[in-house]
Structures are given as C-alpha cells and as structure tokens.
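**Q** One letter stands for each residue in the lines below.
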Amino acid sequence: MEGTHNESPIPAWVRAYVLQHLSAEQLAAILDVAEDGIITVNAEHRIVLFNRGASRLFGYEPAEVLGQPLNILIPPTYHQSHPQQMEAFARGPVESRRMASRRTVFGQRKDGTLFPAEVTISKLYSQDQWYLTAIVRNAEERKRYEDALIQLNQELEERIQLRTAELAERNRQLQEKTTENEMFVYSVSHDLRSPLINLMGFSEELEMAVNRIEELLGDPRLPPDIGEALGQLLQGEVKESLGYIRTAVERLSRIIDGLLRLSRVGRVEYRWQVVDMERIVQRVIAAHHAMIQRNQTEVIVEPLPPAWADPDAVEQVVANLLVNALQALESRRGGRIVIGSRPGDAPGRFLYFVADNGPGIEPALLPRLFQPFQGKAGSNSGHKKGEGIGLAIVQRVIERLGGQVGVESTVGSGTTFSFTLAQPGESPPPPSHHEKEAPAHPHKEAPA
Amino acid sequence: MSSQRLLILLAEDDDGHARLIERNLRRAGVINPIIRVADGQAVLDYIYRSQSDLPLLLLLDINLPQVDGIEVLRRLKSDPRSSKLPVIMLTTTDDPRDIDRCYELGCSVYITKPVRYEKFVEAIQRLGMFLEIVKLPSPPAQALSAPSGLEPCGQPS
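Line by line, the protein sequences give chains A and B.
Yeah, the first sequence ends on 448 if you go by the working numbering, and it's all consecutive.
Yeah, the second sequence ends on 157 if you go by the working numbering, and it's all consecutive.
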C-alpha cells in the first residue's frame with residue numbers, strides 16, 4: 001500500500017501537552033470545528049467518535065451513528081473487504097496512512113448517495129484497545145478537476161493524433177505529387193529526346209555535306225569567282241549557322257539529359273544499409289583525382305561516422321558536392337576543400353559537410369540554389385557542365401534518404417554545403433510510394 | 001566468302017530517325033537490303049508472314065506505336081519460331097530501366113540513338129554476325145571525347 005508514513009500523526013510531546021492542558025469537552029469542541037470529518041472506531045469497528053465535519057459529509061447526526069458499525073458509512077461493495085483491511089492495518093506496523101492514494105475511495109451518505117473522499121487513517125492503542133481514526137475530506141471538487149484534466153489530456157491526445165494523421169496524409173500527398181511530377185518530367189524529357197535526335201543527326205548530316213562541298217570547291221573546273229563566293233558563303237553564314245545550331249543542340253541535349261537524370265533519382269530503389277562514409281568519400285576523391293591535381297586543390301577529409309542510407313545514392317551526393325566545390329575553386333590558388341561531419345540538429349542524425357574556400361555565393365542566389373537549372377546561374381564560373389542539375393539531384397536524393405540539405409556561404413571566403421543522414425541503428429523512413437513503377441515508356445504520339 | 005544475304009528490318013516510327021539510321025548504315029558500308037516498318041504490329045506481321053527466307057536482323061526501336069518495342073521483343077523471344085532472331089534494340093535514352101528490361105527479355109545488344117556507325121559495327125560484332133560491309137569505317141580519333149552523340153561521322157578536316 002502506498003502513501004504510508006511511519007511516524008504517528010501526533011508527536012508524543014504534543015499528546016502529553018494536550019492531555020495535561022485540555023479537557024475532554026475542549027478536545028471535542030476542537031474536533032467539531034475541524035473542517036474535515038473525524039471518525040473513530042473501536043476494535044469492533046463500531047463508531048465511537050463522529051465530529052461535525054463528519055456530520056456535514058455523511059448527513060448523519062452523531063447520535064444516529066455512535067455505536068453503529070462503520071459499514072453504514074461505506075458503500076456496500078466494500079462491506080466485505082473494508083473491515084479486513086482495517087484489521088490488517090490495526091495489526092500492522094504502520095501508524096498512519098492515506099487510503100487508496102491510487103484510486104478514489106467513496107463514502108456513503110445517509111441518503112444512500114456516494115461521494116469521493118480522501119481518507120487518512122491512523123491508529124491509537126489506549127486502555128488495552130485499538131482505536132482507528134479516519135480523517136475524511138470531500139474529494140468531489142478535486143476529483144472534478146482531475147476528471148477534467150484527464151479528459152483534457154485525452155482530447156489533446158486525440159487532437160495530436162488527428163493532426164499527426166493529417167500531416168502524414170499531406171506528406172503522402174506531397175510525395176505522390178512529387179512522384180507524379182517526376183513521372184511527368186520523365187515523360188516529357190523522354191519525348192523531347194526524339195526530336196532532339198533528329199536535330200543532332202541532321203545537323204551532323206549538314207556538316208558532312210558542308211565538308212563535302214568544301215572538297216568540291218577545290219575543283220579547278222569551277223570558275224574562280226563562283227568558287228570564291230561559294231567558299232565565303234560556306235565559311236561564313238553556313239558554318240556559323242551550323243555552329244550555333246550545334247551549340248544549341250548540345251545545350252538542349254544536356255538539359256534534357258539532366259532532367260531525365262533528375263526524374264530518375266526519385267525512381268531508383270534504395271538498398272538500405274550501413275554506409276561507410278569515409279570509404280565513399282575516398283572513392284569519390286580518387287575518381288576526381290585528375291581534376292583535383294589540375295587545380296592543385298587541397299582536399300582534407302576529417303573522420304566521418306557511418307550512416308544508414310543507400311551507398312550509391314550517397315556516393316552520387318558526395319560526388320556532386322565535391323565537383324561543385326572543385327568548380328568553385330577552379331583557377332584559384334590555394335583552394336582548399338574540407339569534408340567533415342558533426343552531430344545533426346535532430347537526434348539520431350549526423351550532418352556531413354563539404355566546405356570550400358572559393359568565391360562564395362551571393363545571398364540572393366542561395367534560396368534557389370537547389371532548384372534545377374538555377375545553381376550555376378550567378379556563379380560566373382563559366383561552367384555550363386551539367387546545367388545546374390547537380391544540386392537539385394543532391395536535394396532530391398537526401399530528401400529520399402530522409403535527410404536535409406543546407407548551404408552557408410560568405411562572399412569572398414567560401415561556401416559550405418551540408419546534408420544530414422540517419423545514424424546506423426535508426427530505422428529508415430518507411431518505404432514510400434516512390435518505388436511505384438513509372439511507366440517504362442512514356443506516351444507516344446500516334447504516327448501522323 | 002559467299003554468305004546468304006542478310007536482311008535488315010528496321011522498326012522505327014520516327015521518319016527522321018529512320019532516315020538517319022539508314023544513312024549511317026550505308027555510310028558504314030552496309031549494303032544489305034533495309035526494310036523499314038513504322039510500328040510494332042508491322043514488325044510482327046513482317047516476321048511471321050513474310051515469304052522471304054533471307055536471314056533477318058531486327059533493329060527495334062524500344063518506343064513504337066501500336067505494339068511497343070519491349071512487347072515486340074517479348075513476343076519474338078517467347079515464340080520458338082523467332083526466339084533466335086538477332087535483335088538490336090534502339091533506345092532514345094540510356095535509361096537503365098529500359099535497358100534492364102531489354103536484357104531481361106533476351107535482347108543481345110542495344111544502341112542509344114542516334115545510331116553511329118562505330119556503335120552499329122560494335123553491336124554487330126557483339127552479336128557475332130557477319131554483315132556484308134564493303135568498307136570498314138576508319139576509327140574517328142576524337143569520337144571518344146566528344147559529348148553525347150554530336151561528333152560528325154565524316155572527317156572534320
């Protein structure tokens with residue numbers, strides 16, 4: 001039983017003082033002015049003391065209950081068990097305790113109604129007899145507050161559950177939307193490749209024809225003035241036009257390939273496992289050895305904890321960020337890249353970063369940096385490779401791995417890209433619908 | 001060495017692509033007859049109804065109207081009459097998903113369009129086939145470093 005305390009409610013010196021200085025009437029009067037109900041029973045469980053407070057609580061006059069068994073104040077359900085508990089308490093070592101601190105106890109009024117009560121019970125051995133005294137307080141109000149609190153808690157919990165479900169649903173819808181968008185982008189870029197192949201192929205055909213014409217222009221049978229005019233036309237307008245077409249087609253091809261690659265990121269199935277980040281970083285560095293050497297960039301790798309992710313996806317992310325940093329440092333002396341990690345903001349996550357001491361990025365450009373075809377917009381690095389799809393891929397991959405990307409940059413001192421990943425032992429995000437099959441063959445127009 | 005003349009069946013719905021492929025094959029010195037069909041059903045019709053007993057090489061666009069290239073490949077490979085037919089798949093992208101499916105269905109080789117003769121010759125060699133190629137293409141030295149598919153097939157002086 002809980003709520004026990006071994007010390008007697010009345011210290012010995014208080015008892016001695018009271019007995020010496022107060023008469024029985026005075027004691028009775030003191031008991032009567034007490035707000036709480038005070039009830040004493042003898043060893044036969046008959047009521048021998050019933051103060052005014054008890055009268056107010058139970059509705060009995062003292063005369064009606066004195067000498068009666070205590071059970072008249074107790075709901076019938078407990079008529080069996082209560083006397084036994086009282087016996088046990090009387091014989092036990094504990095002097096005083098609060099009854100049923102875990103659940104509510106009830107008293108029964110004269111009119112038969114029940115009320116919740118807080119009861120403290122204590123025992124007194126006097127003149128070869130046990131006396132048990134109960135101090136009873138109406139707990140209705142407290143119980144009302146408690147009940148209200150419990151109900152509020154329940155309501156709150158229900159609302160939180162509802163909100164969580166709503167958020168999960170919205171998240172699911174968003175992911176579905178993303179998948180739809182990716183499928184759309186995939187279809188469109190797939191379809192765009194078809195006319196592009198004609199542009200590529202036939203501009204090549206034209207170049208071959210031009211080369212052939214050039215050869216023919218060397219034929220001495222051609223009148224010199226016509227030969228010269230044709231030669232100028234060929235070298236000027238025709239070759240220039242072809243050059244522009246070729247550049248545009250190449251660019252278009254890279255954009256479409258970038259879109260295809262980006263839309264593919266959402267469809268690849270991940271193999272979740274413990275990923276040795278240091279090994280992956282070393283492998284990526286080895287793969288870009290030539291570029292690092294050419295720029296004489298110093299690459300520092302700090303200790304990196306393993307992550308829970310897909311190794312290929314992580315390698316793609318690291319490679320994109322490294323190339324990005326190398327490009328930022330291109331044609332600069334003393335370029336340095338630091339790849340490191342620190343604990344992430346969320347529990348169970350690590351943050352990995354790739355920091356360069358390059359020119360930095362204008363603050364205005366930072367918000368759109370991870371959007372496709374935006375990344376390289378303002379870097380003035382003259383780099384057109386990849387058409388700024390790399391960071392968009394990084395973001396999409398990290399998002400699918402359940403992490404977050406970040407960037408901090410100071411113009412003149414460098415840029416730090418970061419991403420978070422789950423630590424091994426953290427459960428992976430639930431497999432989502434992105435693994436849903438994309439149409440292997442985007443729609444095709446019927447031939448005209 | 002006299003071999004039976006091989007017929008090339010080109011299944012390609014895009015006129016421009018078909019023309020480019022044909023030109024590149026001819027430029028590569030391929031003198032075999034080329035028959036072009038523009039949809040998947042026509043491929044099946046040709047293969048199962050043709051009276052010609054010439055051996056056939058199928059260049060099959062993955063993305064055809066009516067019956068798409070993958071489905072054509074599936075039907076050909078599951079029919080004992082045509083399961084040994086050499087098939088080169090033509091794809092618009094190097095999407096691993098498309099390529100995996102082709103291999104699963106038993107395609108031996110794929111070429112990403114535009115079809116360049118060196119790619120075509122390589123594919124033919126991988127098939128272990130003998131084609132009547134009258135002139136061998138001179139290997140273009142710069143072809144390796146150029147971006148996807150834009151190096152000219154001729155000799156750019």
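Any given hint could be a false lead.
[What the hints assert, rightly or not] With beta-carbon atoms standing in for the labels, derived distance ranges:
#, chain 1, residue 1, chain 2, residue 2, range
1, A, 223, B, 5, 15 to 23 angstroms
2, B, 48, A, 169, 29 to 37 angstroms
3, B, 55, A, 173, 53 to 61 angstroms
4, A, 411, B, 26, 54 to 62 angstroms
5, B, 106, A, 167, 46 to 54 angstroms
6, B, 26, A, 276, 46 to 54 angstroms
7, B, 41, A, 172, 35 to 43 angstroms
8, A, 364, B, 106, 52 to 60 angstroms
9, B, 106, A, 157, 53 to 61 angstroms
10, B, 100, A, 228, 55 to 63 angstroms
11, A, 305, B, 26, 30 to 38 angstroms
12, B, 81, A, 170, 53 to 61 angstroms
Hints in this document: simulated from the structure, not taken from any laboratory.
A quick note: this is a predicted structure, and the numbers were derived from the prediction, not measured.
Idealized CB from N, CA, C, for every residue including glycine.
**Q** Report the numbers of all earlier hints that the structure fails to satisfy, in ascending order.
**A** 1, 2, 11
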